[in-house]
Amino acid sequence: MATTHNIDTRGSAPALEAHNLSVFYAANQAVKNVSLVVPTHKVVALIGPSGCGKSTLLRCFNRMNDLVLDARIEGEVLFHGQNLYDREIDPVEVRRRIGMVFQKPNPFPKSVYDNTAFGPRVQGYHGDMDALVEDSLRAAALWEEVSDRLGDSAYTLSGGQQQRLCIARTLAVKPEVVLMDEPASALDPVATQKIEDLIWELKQRYTIVIVTHNMQQAARISDYTAFLYMGELIEYGSTDTIFTNPTEERTEAYVTGRFG
Amino acid sequence: MKRFQGQRADAASTEGEERRPGNDRPPAARDRRPRRPPSPTAPFATSDSPWRVRRRRIAGLGFHLLCALSAVVGVVALAVLLTEVFAEGLGELDIAFLTSFASRIPERAGIKGALAGSLWMLALTAAISFPLGVGAAIYLEEYAPKSWITRAIQTNIANLAGVPSIVYGLLGLALFVRMLALGRSVLAGALTLSLLILPVIILASQEAIRAVPDSIRQAAYGLGATRWQALRMQVLPMALPGILTGTILALSRAVGETAPLIMIGALSFVAFTPRGPLDQFTVLPLQIFNWVSRPQEEFRQLAAGAIIVLLAVLLLMNAAAILLRNRHQQRV
Ligand SMILES: Nc1ncnc2c1ncn2[C@@H]1O[C@H](COP(=O)(O)OP(=O)(O)OP(=O)(O)O)[C@@H](O)[C@H]1O
Ligand SMILES: [Mg+2]
Numbered sequence: 180m181a182t183t184h185n186i187d188t189r190g191s192a193p194a195l196e197a198h199n200l201s202v203f204y205a206a207n208q209a210v211k212n213v214s215l216v217v218p219t220h221k222v223v224a225l226i227g228p229s230g231c232g233k234s235t236l237l238r239c240f241n242r243m244n245d246l247v248l249d250a251r252i253e254g255e256v257l258f259h260g261q262n263l264y265d266r267e268i269d270p271v272e273v274r275r276r277i278g279m280v281f282q283k284p285n286p287f288p289k290s291v292y293d294n295t296a297f298g299p300r301v302q303g304y305h306g307d308m309d310a311l312v313e314d315s316l317r318a319a320a321l322w323e324e325v326s327d328r329l330g331d332s333a334y335t336l337s338g339g340q341q342q343r344l345c346i347a348r349t350l351a352v353k354p355e356v357v358l359m360d361e362p363a364s365a366l367d368p369v370a371t372q373k374i375e376d377l378i379w380e381l382k383q384r385y386t387i388v389i390v391t392h393n394m395q396q397a398a399r400i401s402d403y404t405a406f407l408y409m410g411e412l413i414e415y416g417s418t419d420t421i422f423t424n425p426t427e428e429r430t431e432a433y434v435t436g437r438f439g
Numbered sequence: 058m059k060r061f062q063g064q065r066a067d068a069a070s071t072e073g074e075e076r077r078p079g080n081d082r083p084p085a086a087r088d089r090r091p092r093r094p095p096s097p098t099a100p101f102a103t104s105d106s107p108w109r110v111r112r113r114r115i116a117g118l119g120f121h122l123l124c125a126l127s128a129v130v131g132v133v134a135l136a137v138l139l140t141e142v143f144a145e146g147l148g149e150l151d152i153a154f155l156t157s158f159a160s161r162i163p164e165r166a167g168i169k170g171a172l173a174g175s176l177w178m179l180a181l182t183a184a185i186s187f188p189l190g191v192g193a194a195i196y197l198e199e200y201a202p203k204s205w206i207t208r209a210i211q212t213n214i215a216n217l218a219g220v221p222s223i224v225y226g227l228l229g230l231a232l233f234v235r236m237l238a239l240g241r242s243v244l245a246g247a248l249t250l251s252l253l254i255l256p257v258i259i260l261a262s263q264e265a266i267r268a269v270p271d272s273i274r275q276a277a278y279g280l281g282a283t284r285w286q287a288l289r290m291q292v293l294p295m296a297l298p299g300i301l302t303g304t305i306l307a308l309s310r311a312v313g314e315t316a317p318l319i320m321i322g323a324l325s326f327v328a329f330t331p332r333g334p335l336d337q338f339t340v341l342p343l344q345i346f347n348w349v350s351r352p353q354e355e356f357r358q359l360a361a362g363a364i365i366v367l368l369a370v371l372l373l374m375n376a377a378a379i380l381l382r383n384r385h386q387q388r389v
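Protein sequences appear in the order of chains Y and W. Residues 180 to 439 (our numbering) are what the first sequence spells out, left to right. Residues 58 to 389 (our numbering) are what the second sequence spells out, left to right.
Honestly, the hints are just simulated from the structure, not real lab data. Predicted, not measured: the structure shown is a model, and the values here were computed from it. Beta carbons are placed, not taken as given, at the ideal position from N, Cα and C, and that holds for glycine. Mixed in with the good hints, there may be bad ones.
[As the list claims (entries may be wrong)] Chain W side only, calculated, beta carbon under 8 Å to chain Y, not exhaustive:
1) Ser104
2) Gly281
3) Ala282
[Stated by the list, open to error] Label pairs and their in silico Cβ distance ranges:
4) Y/Asn199 <-> W/Asp271: 45 to 53 Å
5) W/Trp205 <-> Y/Gln282: 50 to 58 Å
6) Y/His305 <-> W/Leu380: 56 to 64 Å
7) Y/Asp367 <-> W/Ala180: 51 to 59 Å
8) W/Pro270 <-> Y/Asn199: 29 to 37 Å
9) W/Pro188 <-> Y/Arg399: 24 to 32 Å
10) Y/Asp249 <-> W/Asp105: 41 to 49 Å
11) Y/Arg399 <-> W/Pro107: 53 to 61 Å
12) Y/Gln383 <-> W/Gln211: 48 to 56 Å
13) W/Ser350 <-> Y/Asp249: 53 to 61 Å
14) Y/Ala206 <-> W/Gln211: 21 to 29 Å
Please work from the sequences and hints to get the whole structure.
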C-alpha cells in the first residue's frame with residue numbers, strides 16, 4: 180500500500196501536505212491512506228480512471244467534503260504546517276485561502292461584475308471593487324472580451340468564457356492555492372488552450388492542483404503528477420518521470436492509454 | 058451494443074407486430090423489410106412500417122385532442138359560471154356597494170365591512186404565515202439534520218396540507234379563541250388561516266429552494282461564503298420567485314376560505330370595519346354565504362356582486378404573483 184511518496188521539493192516549500200488521508204462515503208472508502216506533498220507555486224496534476232477518488236481528494240484540500248453528508252475524513256492535510264481538519268479551524272476560512280474551480284462552469288445568475296465581486300463581498304473587502312474586478316478578469320484572460328458587458332448576465336457568456344469567469348471569481352478572493360476539478364472538460368480545444376495558457380500564467384503566483392482526464396494536458400501544464408487508482412495513490416513524481424519513466428506498471432499502462 | 062440493436066430490430070419486426078390485431082399489411086411487403094438495424098448513412102430510416110408510423114401519429118393526435126378537450130371543459134365551465142355571476146351581480150356594482158355596510162334593506166346593503174375584513178385578514182395572514190413558512194422551509198432544506206425526526210416532520214407537513222379546513226377551524230377555536238382568549242377577533246381568524254396555509258407555503262418554498270442547483274451553493278462555499286451568506290445572497294434570491302408565487306397562491310386560498318372562520322365564530326353580519334387586530338370581523342365569503350342563504354332575490358344579486366369583488370381580489374393577487382415572478386426572472 181502506498182504510504183509516503185517523496186518528491187524532490189528542493190527550492191520550494193510545501194503548500195499542502197496530505198498525511199495518511201482517507202475518505203469514506205458511508206462504508207465506501209473513496210480515498211485510501213494517501214500522502215502527498217504539493218509544493219508552492221507548482222502545478223500538481225491528479226490523474227486516474229473515473230471514480231478513483233480524484234475529486235474526493237481534491238475536495239479534501241479545501242474542506243468541500245464537509246458539505247457532503249456522511250463523508251468522513253481520516254488523516255490530516257497540512258497547510259503551512261497547520262492541519263486543516265483541526266477542531267479550531269473554520270472551514271470557511273480555509274476556503275477563503277484555498278479556492279476551487281469546478282468541472283462545469285457554475286456562474287451565479289448575476290452580472291459578470293457581481294459574479295467576480297461575490298467572493299470579495301462575502302469576505303468584507305472594502306477596497307476599490309472596480310479595480311479588483313478588472314484585475315481578476317485580466318488575470319483570467321477574460322477582460323478584453325467582457326470589459327464592455329460587465330453588467331450583462333454571466334449566462335450570456337460562452338461556456339469557455341463562463342469557466343474563465345469562474346476562475347476570475349476565484350482569483351478575486353486572492354487565494355494562495357487554486358484547486359481545479361477538470362476545468363476544461365466541458366470546453367472546446369480553443370477554450371481549453373486558453374485555460375491551459377492561463378494556468379501557465381497563474382503558476383507564477385499561485386499553487387495549483389488540477390484534476391484532469393486529459394493525459395496530454397497533464398503532461399503539458401503540470402510539474403508533478405499523481406496517479407490514483409481505486410482510491411490509492413499509486414505513484415507520485417515529477418511529470419516527466421510519470422510520463423516517460425514511471426516506476427509502476429499500472430502507471431505506465433494508464434498514461435500510455437492501455438487501461439482506464 | 059450491436060446485439061442490443063439487433064434485438065430491438067427483432068422485437069420490432071416479430072413480437073411487436075404480429076400480436077397487434079388489425080395488422081393487414083400483406084406478408085410480402087413484410088419480408089422485404091430489412092432485418093438489420095438501420096444503417097448509419099440513413100439517419101431517419103426506421104424499421105417501423107408506414108402503418109405503424111401512422112398509428113403512432115394518430116395516437117399522438119388523439120392524446121393532443123383529449124388534452125385540448127379537458128382544457129376546453131375547464132374554460133367553458135368557468136365561462137358559464139362567470140356569465141351567470143356577472144349577469145346577476147354586475148348591476149349591484151357601484152361605489153355605494155363598496156362603501157356601504159351590510160343592511161337588512163337590500164337597496165342599502167354593501168360590502169364595506171366584509172371587504173375591509175378580508176383585507177385585514179389577508180394582510181395579517183400574510184404577515185404571520187410568510188416568515189414562518191419560509192423560515193420553516195429554509196430550516197428543513199438547509200439546516201435540519203437528515204434524521205428520522207426531520208423525515209417525520211416532513212411527512213406531517215405534507216399530510217397537514219391535505220387536512221380539511223374545517224379541522225383548522227376547530228383548532229383555531231380551541232387554541233386561539235378560547236385558550237389564548239383572543240375571542241372572535243381578526244387576529245384569531247388570521248392565526249387560524251395562517252395555520253391552514255402554512256403547510257402549502259412550506260412545501261412550495263422547499264420546492265423552490267430545492268430547485269436551486271447545488272452547483273450554485275458549491276460555488277458560493279468555494280468562494281468562502283458562510284452558510285448564511287450563500288443562502289441569503291445566492292440561494293434565496295434564486296428561490297424567491299417560486300416562494301412568492303407559492304405564498305400568493307396560498308394566500309388567495311385563505312381569502313376564499315369560509316368554513317374555518319365560521320368555526321371560530323366570525324360574524325356574518327357586521328356594520329363596522331375592524332380598527333385593530335382584536336376587533337370582530339366578517340369576510341367576503343362569509344358575507345356571500347349569508348346573503349345567498351336568504352330567500353329574497355335581491356340578496357342573491359348582492360351575493361353575486363360580492364362574488365365579483367372577491368374574484369377581482371383573487372385575480373389581482375394572481376396577477377401580482379405573475380408580475381413578481383416575471384420581474385425576478387428578468388433580473389437574472
Ligand atoms: N457524494 C458522494 N456520496 C457517496 N459516494 C461518493 C460521493 N462522491 C463520490 N463518491 C464515490 O467515491 C468514489 C470516488 O469518486 P470521485 O468523484 O472522487 O471520483 P473521480 O476520480 O473524481 O471520478 P471522475 O473522474 O469520474 O470525476 C466513487 O466510487 C464515487 O462513487
Ligand atoms: Mg471527478
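Notebook entry, point to check: What are the numbers of the hints the structure violates, in ascending order?
Noted result: 1, 4, 5, 6 and 9
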